[in-house]
Amino acid sequence: MQAVKKAGLTRRERMNIVKGLLFISPWAIGFIAFVLFPLVYSLVISLFRYSGMQAPVWLGLQNYQRMFTDPLVGTSTFNTFFYTILAVPIGLVVALLLAIAMNRPVREAPLYRTLLYLPSLVPAFTIAFIFIVLVNPQFGIVSQFLGLFGVPATNYLGDPTSAKWVIIMLAQLGAGNAALIFLAGMNGIPTTLYDAARIDGASKLQCFFRITLPLLSPTILFNLITAISGGLQVFTPAYIMTNGGPNNGTLFYMFYLYRNAFSYAQLGYASALAVALFLVGMVLSVVLYTVAQRFVNYEVGA
Amino acid sequence: MKSALSMEPIEQQDLPPVKREGYKVSIWQKIWDSIVARIFLVVMSVLFLIPLYWMVATALKSNEEMSVTPPTFIPQSWLWENFVKAVTIIPFGTFFLNSLLITALTVIGTVVSNLIVAYGFSCIQWKGRDQLFYLVLITLFVPFPIALIPQFDLFAWLGWVNTYLPLIVPHFLASAFSTFLLRQFLLQIPQDMLDAARVDGASEWRILWTIVAPTARPALATVAIFAAIGAWNDFMGPLIYLQDESLQTLSIGLQMFRSTHDIQFNLLMAASVLIILPIMVLFFAFQRFFIKGITVGSFR
Chain A
1 MQAVKKAGLT
11 RRERMNIVKG
21 LLFISPWAIG
31 FIAFVLFPLV
41 YSLVISLFRY
51 SGMQAPVWLG
61 LQNYQRMFTD
71 PLVGTSTFNT
81 FFYTILAVPI
91 GLVVALLLAI
101 AMNRPVREAP
111 LYRTLLYLPS
121 LVPAFTIAFI
131 FIVLVNPQFG
141 IVSQFLGLFG
151 VPATNYLGDP
161 TSAKWVIIML
171 AQLGAGNAAL
181 IFLAGMNGIP
191 TTLYDAARID
201 GASKLQCFFR
211 ITLPLLSPTI
221 LFNLITAISG
231 GLQVFTPAYI
241 MTNGGPNNGT
251 LFYMFYLYRN
261 AFSYAQLGYA
271 SALAVALFLV
281 GMVLSVVLYT
291 VAQRFVNYEV
301 GA
Chain P
303 MKSALSMEPI
313 EQQDLPPVKR
323 EGYKVSIWQK
333 IWDSIVARIF
343 LVVMSVLFLI
353 PLYWMVATAL
363 KSNEEMSVTP
373 PTFIPQSWLW
383 ENFVKAVTII
393 PFGTFFLNSL
403 LITALTVIGT
413 VVSNLIVAYG
423 FSCIQWKGRD
433 QLFYLVLITL
443 FVPFPIALIP
453 QFDLFAWLGW
463 VNTYLPLIVP
473 HFLASAFSTF
483 LLRQFLLQIP
493 QDMLDAARVD
503 GASEWRILWT
513 IVAPTARPAL
523 ATVAIFAAIG
533 AWNDFMGPLI
543 YLQDESLQTL
553 SIGLQMFRST
563 HDIQFNLLMA
573 ASVLIILPIM
583 VLFFAFQRFF
593 IKGITVGSFR
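Residue numbers (our numbering), protein chains in the order written: chain A, 1 to 302; chain P, 303 to 602.
Be careful, since some hints might not be right.
[As the list claims (entries may be wrong)] Only some residues are given here: those of chain A computed to face chain P with a beta carbon under 10 Å:
| hint | residue |
| --- | --- |
| 1 | Leu21 |
| 2 | Ile45 |
| 3 | Gln54 |
| 4 | Trp58 |
| 5 | Leu59 |
| 6 | Leu61 |
| 7 | Ile141 |
| 8 | Asn155 |
| 9 | Gln233 |
| 10 | Ala274 |
| 11 | Phe278 |
[As the list claims (entries may be wrong)] If you anchor each label on the Cβ, the simulated ranges turn out as follows:
| hint | chain 1 | residue 1 | chain 2 | residue 2 | range |
| --- | --- | --- | --- | --- | --- |
| 12 | P | Thr465 | A | Pro152 | 33 to 43 Å |
| 13 | A | Thr290 | P | Gly503 | 41 to 51 Å |
| 14 | A | Leu205 | P | Arg519 | 39 to 49 Å |
[Unchecked claim] Here chain A is said to cover these stretches of chain P; the calculated rule only asks that three of the stretch's residues, wherever they fall, bring their Cβ under 8 Å from a Cβ of chain A:
| hint | stretch |
| --- | --- |
| 15 | 418 to 428 |
| 16 | 524 to 533 |
These aren't lab readings, by the way, just hints derived from the structure by calculation. In this text, a Cβ means the ideal position worked out from N, Cα and C, and glycines have one as well.
Could you put together the complete structure from these sequences and hints?
This is the structure:
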């Protein structure tokens with residue numbers, strides 16, 4: 001009994017800790033194997049030349065130095081930022097507009113909800129194949145449609161910039177998913193707030209900017225962070241549609257990392273690239289989260 | 303926290319009483335509102351569905367019709383045998399069964415492991431539980447590429463490359479997203495009910511399977527569906543770990559259409575339709591579970 005008192009825990013409490021830990025042990029093993037170990041291992045391996053076959057050779061920080069002189073790191077970083085900076089805000093605005101429209105008194109809203117969500121179910125590799133067909137100058141519908149406005153049939157995947165735009169547009173098909181998240185957030189806002197504001201003479205626009213947007217801010221932050229994280233990892237469409245081309249125009253960072261790891265067998269260098277991506281991703285998330293604390297409202301105040 | 307702050311201007315603005323009549327929205331205003339919203343939604347729905355329509359339309363075209371410019375919007379040939387060709391030109395049946403096997407095992411692993419872990423994070427009261435759960439939440443935001451190479455080396459060292467184990471085993475070790483979703487649900491189960499069972503001498507393991515699991519069925523369905531779609535649609539996993547053609551999944555198998563010199567896009571689209579079909583069926587059969595899974599992000 002004395003010993004128990006010292007620890008400040010009763011026998012029952014200690015039993016519960018043991019039970020709790022037993023139940024969460026699958027997660028703990030997964031955490032160690034797939035989060036903790038990879039972090040440490042990546043850091044270590046990034047300091048070596050390592051092909052996976054031969055014994056690793058110590059390089060110190062040379063892999064990191066190499067990143068700054070490797071022109072393809074520059075190209076792939078530029079491509080990834082180009083994609084993320086455009087695809088993420090466009091995606092958020094499209095999703096928000098869709099949610100606002102679905103939140104109007106439209107009787108058949110559930111139908112739109114279903115239709116707009118359908119493309120989110122289609123895997124990225126299939127969407128990529130569909131887009132190859134869609135933007136094909138010969139049998140695609142995009143060139144034909146733009147032809148109505150006098151735009152000549154163009155191979156949009158044949159130019160580094162327009163190929164990136166095709167992938168940005170392709171990503172917008174997933175907006176239905178974020179729209180539903182926004183819609184759920186909007187439904188969580190008490191209608192009494194709007195009633196009160198309207199009685200006080202607030203216009204619709206004021207209601208949106210002073211009630212909807214602030215109270216939706218946690219949801220927006222969540223979507224923003226997941227979208228940026230996804231944007232920095234864009235890979236599949238470029239792998240299937242353009243194989244990184246033309247002229248490395250769709251060689252995204254993740255794609256270059258993949259090539260170094262699995263095509264060039266440069267696991268050390270690829271690990272350095274992964275560590276850098278990890279740091280950028282985490283720093284971006286933390287900065288966003290911190291900055292957002294000034295704007296985000298986590299409670300519906302009364 | 304300070305949401306009241308953002309509303310202050312409205313409250314303080316002491317507007318003239320005349321404006322207050324604006325609260326009563328006329329019926330015309332309402333109709334106008336819904337018309338603009340409707341037009342926008344219809345246009346967007348059409349835009350979102352054109353790619354899917356074009357996939358089906360292209361799948362039904364003949365090779366001759368594929369070379370017609372401008373392309374026909376409605377296929378003239380309606381070649382249903384394209385679907386038969388598509389599944390015979392590549393070993394579609396093998397790929398399909400492989401995908402199905404991986405998906406089924408992934409679903410079982412995800413449901414069982416996440417239920418057990420979520421139970422530990424919600425139904426048992428223990429010191430440090432909620433602090434540890436923060437760690438789970440943080441891992442939701444850990445970018446996955448950092449794990450790519452270490453995991454590959456780990457599985458290579460275990461001799462698991464070119465088997466299904468790297469694609470399945472991790473799912474038996476719970477995941478942040480599913481644990482989070484299930485925990486949200488399990489926290490709503492009244493603790494009294496569980497305590498009553500404990501007083502009656504039931505073990506935690508028994509409570510989990512006889513009381514909690516049946517109650518949590520809707521949440522488990524949500525987790526199962528998202529696990530199924532994730533596994534069925536997975537591209538990077540099979541790309542990295544599977545080498546033998548006989549082991550390939552549909553996601554990689556589709557690439558085989560490209561290895562031939564000129565791609566037969568109509569057959570490629572026909573195969574794509576067949577890959578998407580099971581997911582669509584799942585979606586329409588279990589729509590209500592979807593909404594729950596998607597909107598997890600709207601929890602604060």
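Hint check results:
no., hint, result
1, Leu21, "8 Å, holds"
2, Ile45, "7 Å, holds"
3, Gln54, "14 Å, violated"
4, Trp58, "17 Å, violated"
5, Leu59, "16 Å, violated"
6, Leu61, "18 Å, violated"
7, Ile141, "6 Å, holds"
8, Asn155, "14 Å, violated"
9, Gln233, "6 Å, holds"
10, Ala274, "5 Å, holds"
11, Phe278, "4 Å, holds"
12, P:Thr465 with A:Pro152: 33 to 43 Å, "51 Å, violated"
13, A:Thr290 with P:Gly503: 41 to 51 Å, "50 Å, holds"
14, A:Leu205 with P:Arg519: 39 to 49 Å, "44 Å, holds"
15, 418 to 428, "holds (count 8)"
16, 524 to 533, "violated (count 1)"
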